[in-house]
Amino acid sequence: AQSVAQPEDQVNVAEGNPLTVKCTYSVSGNPYLFWYVQYPNRGLQFLLKYITGDNLVKGSYGFEAEFNKSQTSFHLKKPSALVSDSALYFCAVSGGDDSNYQLIWGAGTKLIIKP
Amino acid sequence: EADIYQTPRYLVIGTGKKITLECSQTMGHDKMYWYQQDPGMELHLIHYSYGVNSTEKGDLSSESTVSRIRTEHFPLTLESARPSHTSQYLCASSDTGIYDGYTFGSGTRLTVV
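Sequences listed follow chains A and B, in order. The working numbering applies: residue 56 is where the first sequence begins, and numbers increase by one. The working numbering applies: residue 3 is where the second sequence begins, and numbers increase by one.
Since the hints were derived computationally from the structure, they do not count as laboratory data. You can take every hint at face value.
For lysine-lysine, the following BS3-like pairs were computed, each having C-alpha atoms within a straight-line distance of at most 30 Å: (1) B:K59 / A:K104; (2) A:K124 / B:K33; (3) A:K104 / A:K132; (4) A:K77 / A:K124; (5) A:K77 / A:K132; (6) B:K33 / A:K113; (7) A:K165 / A:K104; (8) A:K113 / A:K169; (9) A:K77 / B:K33; (10) A:K124 / A:K113; (11) A:K104 / A:K169; (12) B:K33 / A:K165; (13) A:K169 / A:K77; (14) B:K20 / B:K59; (15) A:K165 / A:K124; (16) A:K104 / B:K33; (17) A:K113 / A:K165; (18) A:K132 / A:K169; (19) A:K113 / A:K77; (20) B:K59 / A:K165; (21) A:K124 / A:K104.
Cβ-Cβ distance ranges computed for the label pairs, FRET-style: (22) B:P41 / A:A69: 24 to 32 Å; (23) A:A60 / B:G18: 35 to 43 Å; (24) B:P85 / A:A56: 31 to 39 Å; (25) A:Q65 / B:S82: 31 to 39 Å; (26) B:N55 / A:A69: 50 to 58 Å; (27) A:G108 / B:D61: 25 to 33 Å; (28) B:L62 / A:I167: 21 to 29 Å; (29) B:I71 / A:P73: 48 to 56 Å.
Covered by chain A, per the in silico footprint, the following chain B stretches (three or more residues, Cβ under 8 Å): (30) 40 to 53; (31) 101 to 115.
Because the structure is a prediction, the values reported are computed rather than measured. Using N, Cα and C, we set each Cβ at its ideal position, and we do this for glycine too.
Isolated chain A, as found in the complex (with noise of 0.2 Å):
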């Protein structure tokens, strides 16, 4: 079965620190993994994908995220993190053969950027 792990409920950055949010999948097949961002009362932004090709990926807002086949990782980065950034973070994957593309969505992981 397909499942995203984020470990850590909360992560607390001082701002201008680089900052790291966890991320694990398990899928059969090919993965295809995402980032998205949910600030107070709003939907769901999408941040950044993997598909294929280069490991690193660059999305919105000068984030970044490592895929990591062999340690079936995908965590989200940013070199210097801003206030504006404390939100919540939500990693999801697709892949296999059956899974017709849905989104397998991790638990969030709570970022507070402290000033």
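Fit chain B to the given chain A structure using the hints.
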């Protein structure tokens, strides 16, 4: 700029009332989804549709129902609202392939009193 619209954004309603949450998208996507989410918590898939006249229940049992009579419209109905239905409801859509992921509406925050 949203291409998927949910109305109302906020709704406070009494127990026992019938309500319909609206979701419309202008992208021509075949697939649409309804998620239930408590504040700051994980997403729970409650219904999905892969096209007109196609609806399926999701992973989380829900007393709501959905319909898909037109491609662009995917309303969710609660026949008799209860306080346990208080939550945020998110609608999403996706194209046939996976390359673009999902597009989400802004959500409806429902409070049943």
